[in-house]
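The listed protein sequences derive, respectively, from chains A and Z. Residues 183 to 430 in the numbering used here are what the first sequence spells out, letter by letter. Residues 183 to 430 in the numbering used here are what the second sequence spells out, letter by letter.
These are computed hints drawn from the structure, not numbers from a lab. Take these hints with a grain of salt, some might be off.
Because identical chains cannot be distinguished in the list, a pair is counted as satisfied if it fits within a single copy or across any two copies.
Said to hold, decoys possible - Derived lysine-lysine pairs resembling DSSO-like cross-links, with alpha carbons at most 27 Å apart: (1) LYS367 with LYS426; (2) LYS258 with LYS426; (3) LYS396 with LYS367; (4) LYS258 with LYS396; (5) LYS367 with LYS271; (6) LYS396 with LYS426; (7) LYS271 with LYS258; (8) LYS271 with LYS426; (9) LYS367 with LYS258.
Only a predicted model underlies this, so the values are computations on that prediction, with no experimental measurement involved.
2 protein chains.
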Amino acid sequence: MPVTITAVEGIPEVRAGDDLAALIHAAAERQGLAFEDGDVIVVTQKAVSKAEGRLVDLNDVAPSPLAVELATNWEKDPRHVEVVLRESKRIVRMDRGVIICETRHGFVCANAGVDASNAPDGRLVLLPLDPDASARRIRDGLRRLAGADVAVIVSDTFGRPWRSGFTEVAIGVAGMLPIIDYVGKVDTQGRELRATWICVADELASAAELVTGKLNRVPAALIRGYAVPRGEGSARDILREAEKDMFR
Amino acid sequence: MPVTITAVEGIPEVRAGDDLAALIHAAAERQGLAFEDGDVIVVTQKAVSKAEGRLVDLNDVAPSPLAVELATNWEKDPRHVEVVLRESKRIVRMDRGVIICETRHGFVCANAGVDASNAPDGRLVLLPLDPDASARRIRDGLRRLAGADVAVIVSDTFGRPWRSGFTEVAIGVAGMLPIIDYVGKVDTQGRELRATWICVADELASAAELVTGKLNRVPAALIRGYAVPRGEGSARDILREAEKDMFR
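Bound conformation, chain A alone (with noise of 0.2 Å):
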């Protein structure tokens, strides 16, 4: 059996307060999908955010003068640099115009996943303050609405050092463990596994990434047919220890 992965279509723009697993559900039902037990959904962190009401007006936003000289360096909105700074718990490389971040929950990307495209409202999207509790809600209305114990995925567009291109990432996950852990497997040679870890979060981050695309107001996807690891996971566990990583 293929794993397919669906566009879910349809969800109108989505506004603060919005109940996220309603709209999806309702989307899901015009379409003829009905969800089922181990299907995984996955949920562009930009529609969560805004159903969270993770905005900030530029108008509210007194910069620092740290804001304003890497602004004026750098010819960019000094408060959109501020609300960069203040998401951020640390900042592991400052160059060119780039803010790479930590955010405050450990994720290492550029701005700290504020969202730096054309606001004609003058709003930034922040990420949702906790992205893990934004998925399990997503599941707990699917449970409720569809019936069907779900996975899901709160997924967001990241970079990554060496490699252009953006690709897709798990920054909240709910109803599954984002990594399968292979240790001490063998291959069907009795050889021992050299990539112990696989991130599926990431992966199928990226897959569902395939449909929900960038230009189509596609916020959802539905991935069938994949055995995802069940259990209460959540996407700190993909966040490298500091001790483990090479390139803070």
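Given the structure of chain A, go ahead and fit chain Z onto it with the hints provided.
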């Protein structure tokens, strides 16, 4: 229409000199799979390297003094360390028993992609010399055998900074562009997009890993229903230029 990911099953253990396209085509036919124009075939590096005879016998390796010293410090086989050093053109980090290398192709990964699995027959598997060329050969073979114009990705399992767990990435491509460039594109709200380049080759490689897995001997997957960006791309397009990389 969903995107589907199907394991190409029943491919026998690959040996040096094997025609991988023929093995994949025959296995797909036995499975009732007929390749179509626009399909993406993802083939794991290990199968490609074995078919191309990219193996080295540890008994033939004379370790350098540096390899001996490193191996002694880390309780490793000095011949294995020697092979890693030979496959590298630059060492990015060398610490805690891990060597992060820039391979001759320019990929940055642990141990220069040299397979450190237990090798009961005393051999190590190296990366293909030119993984784009490997992908092109498979693509040409499948066009000849199946009459279909498919894209081919050669994938490998890489770690990454900051995030635990490995994911699958593209080290060779044929018949596609590995990165979609959204520069200047706007979303449905008329806002310019934030994450402007998406490395779809890596996302497709990760999606394929959901069915090739690690324990079952499935060296190839078929991805159907994804409108892959066509063109004569190269996995070199994914390598970030040194002057734009903050983590060299």
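* Asked: What are the numbers of the hints the structure violates, in ascending order?
  -> 5
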